[in-house]
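Colleague: What follows is the residue order along each chain.
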Amino acid sequence: MSIFTPLSIARSALVAQQRALSVTGANIANVNTPGYTRQRAVLSPVGEGEAGGVRVSTIERVVDRLLDARELRSASALGSAGVERDFADRVQALFPVDGSNIGTALDDFFSAASELSTHPEEVAVRSDLLARADALATRIRSTAQGLADLQRDADGRIVDSARDVNPILAQIARLNRSIPAADPSSGANELADQRRQAIAELATRLDVRVVERPNGTADVFAASGAALVLGDQAAELAAEPTSDLGLDGSALHALGVRDAGGGVIPLAGPLGGELGALQELRDTTLPDDAGALDAFATTLRDAVNGVQTAASGRDLDGLVGQPLFSGTGAADLAVALADPRGIAAALSATPGDNANALALVALRTTEFPSLSGARLGDFHGDLLAQVGGRARDAADRLTVAENLAASLSAQRESVSGVSLEEEFTDLIRFQHGFQAAGQLVAVSNRLLDDLMGLVR
Amino acid sequence: MVSRVTTSLLYRELVTRVGRLQTRLAAANDEVSSQRRLREASNDPSGAALAARLQGEKADVGAVRSALGFATQVVARQDLALDQSDRILARAREIATLTANGTATVESRQQAAVEVAELERGLLAQANTELSGRYVFAGLTSGAAPFASLDDSGFDPLNPYSGPATPFLVRSGPDQTVAITTPGDQVFEPAIAAIDGLRVALAAGQAPTASIDELDDAATVLRAERTIVGGRARRLSERDGDLNAVELNLEKRLGTVQGADLTESISRLVQLQTALQATLEAGRTLQASLLDSIQL
Chain A
1 MSIFTPLSIA RSALVAQQRA LSVTGANIAN VNTPGYTRQR AVLSPVGEGE
51 AGGVRVSTIE RVVDRLLDAR ELRSASALGS AGVERDFADR VQALFPVDGS
101 NIGTALDDFF SAASELSTHP EEVAVRSDLL ARADALATRI RSTAQGLADL
151 QRDADGRIVD SARDVNPILA QIARLNRSIP AADPSSGANE LADQRRQAIA
201 ELATRLDVRV VERPNGTADV FAASGAALVL GDQAAELAAE PTSDLGLDGS
251 ALHALGVRDA GGGVIPLAGP LGGELGALQE LRDTTLPDDA GALDAFATTL
301 RDAVNGVQTA ASGRDLDGLV GQPLFSGTGA ADLAVALADP RGIAAALSAT
351 PGDNANALAL VALRTTEFPS LSGARLGDFH GDLLAQVGGR ARDAADRLTV
401 AENLAASLSA QRESVSGVSL EEEFTDLIRF QHGFQAAGQL VAVSNRLLDD
451 LMGLVR
Chain B
1 MVSRVTTSLL YRELVTRVGR LQTRLAAAND EVSSQRRLRE ASNDPSGAAL
51 AARLQGEKAD VGAVRSALGF ATQVVARQDL ALDQSDRILA RAREIATLTA
101 NGTATVESRQ QAAVEVAELE RGLLAQANTE LSGRYVFAGL TSGAAPFASL
151 DDSGFDPLNP YSGPATPFLV RSGPDQTVAI TTPGDQVFEP AIAAIDGLRV
201 ALAAGQAPTA SIDELDDAAT VLRAERTIVG GRARRLSERD GDLNAVELNL
251 EKRLGTVQGA DLTESISRLV QLQTALQATL EAGRTLQASL LDSIQL
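Listed in order, the protein sequences are those of chains A and B.
The numbers in our numbering rise by one with no breaks, and the one at position 262 of the first sequence is 262.
The numbers in our numbering rise by one with no breaks, and the one at position 56 of the second sequence is 56.
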């Protein structure tokens with residue numbers, strides 16, 4: 001063993017402790033950085049036998065890959081549940097339980113019809129019935145418009161999401177290019193953290209499957225198996241107008257991957273995440289609600305017009321009644337009758353006859369086959385329950401998804417997060433290691449001095 | 001349960017707990033201030049459907065009670081008119097009795113005929129009784145009077161009625177109606193014919209012996225109708241009482257479905273406030289760190 005060996009060992013120790021201190025410093029600095037994975041300097045002995053030193057063999061990210069994968073899946077479920085909850089609440093707002101909802105407007109309409117049956121010749125009562133009919137039609141129309149707006153919003157968010165996802169895919173591809181070329185000391189770990197963050201953000205938008213390659217790159221696939229990122233190549237998502245029309249009559253968009261020829265190959269199957277939820281809402285849930293509202297509106301229209309235009313029905317001028325409601329569904333339901341004298345309250349030309357007005361009131365308790373045997377009021381009540389139940393289920397699902405995501409995040413944080421107490425302890429540990437190595441230098445120096453003194 | 005607690009985990013859990021408590025606190029606060037448990041359908045989906053049904057039933061009961069209120073006014077007006085008509089017939093019978101005996105002269109009978117003509121006009125006016133412009137003995141029609149005037153050139157005492165032959169029906173329940181008028185010819189034609197016969201006989205200076213029986217028969221018809229009207233009034237009142245009870249019951253049930261139990265709601269609000277304060281207080285301990293205890 002050379003006289004300089006202790007100095008050499010001390011030097012390696014100083015360098016290693018210094019590097020470990022800098023890793024601890026980086027951990028402390030990033031204690032509040034979202035998505036940061038704590039790093040650890042792995043020290044290993046240098047050389048063989050008794051004359052070795054120490055070196056930092058690697059700076060590793062402390063991760064649990066299984067937890068990472070589960071967290072990605074939970075991010076997708078959370079994204080989906082968040083969108084479902086948001087839209088369920090917005091649909092629910094279209095069907096309020098108090099104030100001026102469709103049910104209240106329907107009750108007011110039948111109350112006015114009942115008043116007409118008592119005062120069939122009073123123009124003021126007739127005008128009130130027309131006003132109530134108009135209020136009911138307006139409420140139904142605005143609810144239908146609200147549903148159409150929500151569907152358009154869902155479609156718009158699908159289009160926006162496609163635009164938002166592309167930069168994320170490009171970023172993942174860019175990081176895939178940089179990571180293999182970098183080493184841990186030159187920021188490879190930080191790049192891996194950035195990529196993980198980008199993939200997590202992508203997972204909230206749609207279900208993804210990540211395959212990590214030995215060279216450090218990560219390929220990303222959609223739930224359908226379509227490749228979104230392969231190495232340093234990112235696909236481009238695009239939303240193209242289709243022939244399917246929305247509730248507002250405008251074209252809806254289909255999400256797909258743009259191919260080399262500039263065409264768009266639709267993403268098959270459920271997308272998962274926010275996009276999957278938006279697609280389900282746009283294509284199934286909202287059209288179903290609008291369909292139920294349409295059934296209600298057309299049943300009301302046909303039933304009221306049927307009474308109004310009965311062959312023996314007579315208005316105040318002794319003429320056969322004209323339809324009270326016009327329109328093809330909920331979206332364009334309107335009052336067609338302008339003159340209150342035109343309401344056919346009678347079933348004969350006898351002034352004061354209220355028989356047809358009584359028939360109009362009787363619609364309140366009529367069970368309609370077009371509403372699966374329900375009465376108009378009960379059908380609206382059932383619609384309220386359906387919308388409310390969905391909102392509650394969506395809230396419950398969001399709570400479950402949040403709890404699961406929080407639990408997984410806590411577990412990941414437990415493995416990969418920075419604990420200041422731990423880092424401070426490491427700081428002391430490496431500081432003392434550094435001080436000890438310094439003492440070794442001092443002792444080696446004194447030994448050399450003593451040796452030189454012998455020579456003098 | 002995590003085995004290793006990190007700094008950001010502590011803060012994140014604190015923020016999550018505070019956020020959840022604040023959300024629940026806001027909902028509890030809303031419930032207390034609105035005093036409504038059912039503020040949106042998701043609070044109780046089946047309750048929302050039930051509340052909509054109960055609201056519809058309550059509105060309909062209100063509409064039926066309004067119709068019954070109007071019917072009660074009509075029946076009261078009919079009763080008053082029948083009472084007046086009965087008095088008119090009683091006076092006509094007095095005149096018939098006085099002028100039927102042998103002491104009455106032709107002149108006194110002709111003078112009595114003038115009073116009887118006024119009584120006849122009065123009877124026709126009662127038969128044409130209106131409520132807000134609608135004839136209560138003619139199916140509540142409006143417009144031309146159902147009974148012709150004595151002064152009309154073609155007045156036919158045996159057929160003076162031109163109103164509808166059907167009664168007017170009002171709603172007495174969700175699917176029920178009740179007749180509140182009787183066609184005027186069935187009520188007044190015997191009386192009009194009898195009093196007109198009396199007038200004609202007296203005007204001719206004849207003893208109106210036949211008119212007394214006719215007047216008695218007509219009075220019987222009027223009194224029978226008055227009994228019917230009285231029965232209608234009683235049934236309307238009873239039905240309104242029933243519906244009042246139904247309305248109160250519906251309000252009670254609505255209150256149960258929609259309303260908040262304030263004692264329970266306020267207790268929950270206080271509990272949540274305490275929990276939030278305790279959580280925030282616990283958050284202060286996060287400020288402690290190993291850094292406070294060691295000297296680097």
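Just so you know, the hints here were simulated from the structure itself, not pulled from any lab data.
None of these values were measured; they are calculated from a predicted model.
No residue lacks a Cβ here, since even glycine has one placed at the ideal position from N, Cα and C.
It is possible that some hints are incorrect.
Stretch-level coverage of chain A by chain B, calculated; a stretch enters the list once three of its residues show a Cβ under 8 Å from a Cβ in chain B [what the hints assert, rightly or not]:
1. 104-110
2. 113-126
3. 352-359
4. 363-377
5. 408-415
Simulated restraints, written as ranges between beta carbons of each label pair [what the hints assert, rightly or not]:
6. ALA349(A) <-> ASP213(B): 35 to 41 Å
7. ASP151(B) <-> ARG341(A): 31 to 37 Å
8. SER33(B) <-> ALA131(A): 30 to 36 Å
9. ARG235(B) <-> ALA349(A): 49 to 55 Å
10. THR285(B) <-> SER250(A): 54 to 60 Å
11. ALA310(A) <-> SER237(B): 33 to 39 Å
12. GLU130(B) <-> SER250(A): 56 to 62 Å
13. LEU131(B) <-> VAL320(A): 25 to 31 Å
14. THR227(B) <-> ALA349(A): 30 to 36 Å
15. ASP213(B) <-> LEU319(A): 47 to 53 Å
16. ALA349(A) <-> ASN159(B): 19 to 25 Å
Colleague: So is the region 104-110 of chain A in contact with chain B by the C-beta rule, three or more residues under 8 Å, or is the coverage claim wrong?
Modeller: holds (count 5)
Colleague: Taking the beta carbons of GLU130(B) and SER250(A), is their distance inside 56 to 62 Å?
Modeller: Because 59 Å falls inside the window, the suggested range holds.
Colleague: Note whether the CB distance of SER33(B) and ALA131(A) lies within 30 to 36 Å or breaks it.
Modeller: 33 Å, holds
Colleague: Go ahead and decide if the range 54 to 60 Å is satisfied by the Cβ distance of THR285(B) to SER250(A).
Modeller: Given range 54 to 60 Å: holds, Cβ gap about 57 Å.
Colleague: Verify the CB-CB distance for ASP151(B) and ARG341(A) against the hinted window 31 to 37 Å.
Modeller: 33 Å, holds
Colleague: State whether the coverage of the region 363-377 of chain A by chain B holds or is violated, taking the criterion as 3 or more residues with Cβ-Cβ distances under 8 Å.
Modeller: holds (count 3)
Colleague: Range hint 19 to 25 Å: satisfied by the CB atoms of ALA349(A) and ASN159(B)?
Modeller: 21 Å, holds
Colleague: Given the range 30 to 36 Å, decide if the beta-carbon distance of THR227(B) to ALA349(A) lies inside it.
Modeller: Since THR227(B) and ALA349(A) have Cβ atoms about 33 Å apart, the given range 30 to 36 Å holds.
Colleague: If you count the residues of the region 113-126 of chain A with a beta-carbon closer than 8 Å to a beta-carbon of chain B, do you get 3 or more?
Modeller: Held - the region 113-126 of chain A has 6 residues with a Cβ nearer than 8 Å to chain B, which meets the minimum of three.
Colleague: Do the Cβ positions of ARG235(B) and ALA349(A) conform to the proposed distance bound of 49 to 55 Å?
Modeller: Cβ of ARG235(B) to Cβ of ALA349(A): about 31 Å, so the range 49 to 55 Å is violated.
Colleague: Against chain B, does the region 352-359 of chain A show at least 3 residues with beta-carbon separation below 8 Å?
Modeller: holds (count 5)
Colleague: Is 25 to 31 Å respected by the C-beta to C-beta distance linking LEU131(B) and VAL320(A)?
Modeller: Roughly 29 Å apart at Cβ, these two residues keep to the hinted range, so it holds.
Hint compliance for this structure: hint 9 is the single one not met.
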